[in-house]
Amino acid sequence: MTRFQRSAVRTCTVYGFSIVELMVAITLGLIVTGAVIQIFVASRSTYNFEEGVARMQENGRFAIEFLTQDFRMAGYTGCAANLTQGTVTGIGANLGCTTAFCNLVSPSVPGSNFNPDGIMAYAYVGPTGSELNKWEPDLPGTLFTAGEVRAGTDVVIIQYGSALSTHLTGNTSPQNANIQVIGSSQIASEISAGDILMLSDCKSADILRATNTPGNGGGAPVTIAHSNASNVDSFLSHPYDDSAELMKLVTRIYFIGSGAGGEPALMRRELIQGGVMSAAQDLVQGIEDMRIRFGEDTDGDRIANIYRTADLISAANWRNVVSVRLGILTRTPNNVDGTADIVAHDLAGTLVTATNDLNRRRQHYNTTVLLRN
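Residue numbering for the sequence shown follows my numbering, beginning at -16 and increasing consecutively.
Calculated from the structure, these hints are not laboratory results.
Backbone N, C-alpha and C fix where the C-beta goes; we use that ideal spot for every residue, glycine too.
Among the hints, erroneous ones may be present.
As the list claims (entries may be wrong) - Label pairs and their calculated CB-CB ranges:
1) Gly332 <-> Val15: 34 to 40 Å
2) Asn349 <-> Ala129: 26 to 32 Å
3) His221 <-> Gly198: 24 to 30 Å
4) Ser261 <-> Val108: 24 to 30 Å
Build out the structure end to end from the sequences listed, making use of the hints.
This is the structure:
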């Protein structure tokens, strides 16, 4: 190596981050991460709130739709709508009939007979009294058990006739324990022994309990028996021709009870095949309250002059009810807000404030339904 040559080896020093730089970087990272988490939590909270409100509104619309549809049908009996009690022959003691004529105005077993008014209702007047006596009239023990109906809410029974796509043919003599109709798949699926039927020709009507299941018939005549095994008399009041209507009783009971998981829900119990009352069905979740007022026509012009709760309407005046004012209160399925809901909600003229709030949001719905029958 000459004296002009230089060494090719150089020393290279590597420096890392200082403690201060690391602390600054970590702090900035925590700030950014916290901001992201805060945005995520806020977005999640907003999503839960909006989803809960959407579910609440959807449930409210469903509940109103179920109830208004049946209210509009209340009392429908086809051309028998204007018949009086004296022109309807009831041939079933267990239908609430006490004499040769059926006690349609106030049947002894609610829901088990054709009611020309189409509506029976019970207003909550508690809190004193036994469980079923907190309503006026008292809730019937044949339909409800103690504690089944949510305190503070109203109950309504809606009834009407459902037309059957058939007509009479043969055996129309009054001195006969059978009637014959054209068989169809609807007849086979809808009529069975125990069902309550109405036969009407717009002049008079007979209410009867079927004592057999007629079957399909494939378009041929099938027989519906109404023997005195389940009826006071097996004979009809007079002959009917093929223009007579045959209808089946529909009874639906609406109330607020405990649904799945103990959540308040709009419940429904209805008359099913065999003429027996079904178990309560969890119809719409999140319905917390239902209040009803009934528009009574006091001067005969078919326009409501005053709206009353069920306890203020006498048995004789139900026929004067021409409209219904319905109010329901819905709530979100889960806790969606950190503040209690203390808003007073107007349900058909009654102010209701949430108790035991659980930090849910609520919305009330009110509608007025004109009774058509």
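Right, here's what the structure says about each hint:
1. Gly332 <-> Val15: 34 to 40 Å: 55 Å, violated
2. Asn349 <-> Ala129: 26 to 32 Å: At roughly 30 Å between Cβ atoms, Ala129 and Asn349 fall inside 26 to 32 Å, so the hint holds.
3. His221 <-> Gly198: 24 to 30 Å: Distance hint for His221, Gly198 holds at roughly 27 Å.
4. Ser261 <-> Val108: 24 to 30 Å: Holds: the Cβ-Cβ distance is about 27 Å, inside 24 to 30 Å.
The structure is inconsistent with hint 1 alone, although it conforms to all the rest.
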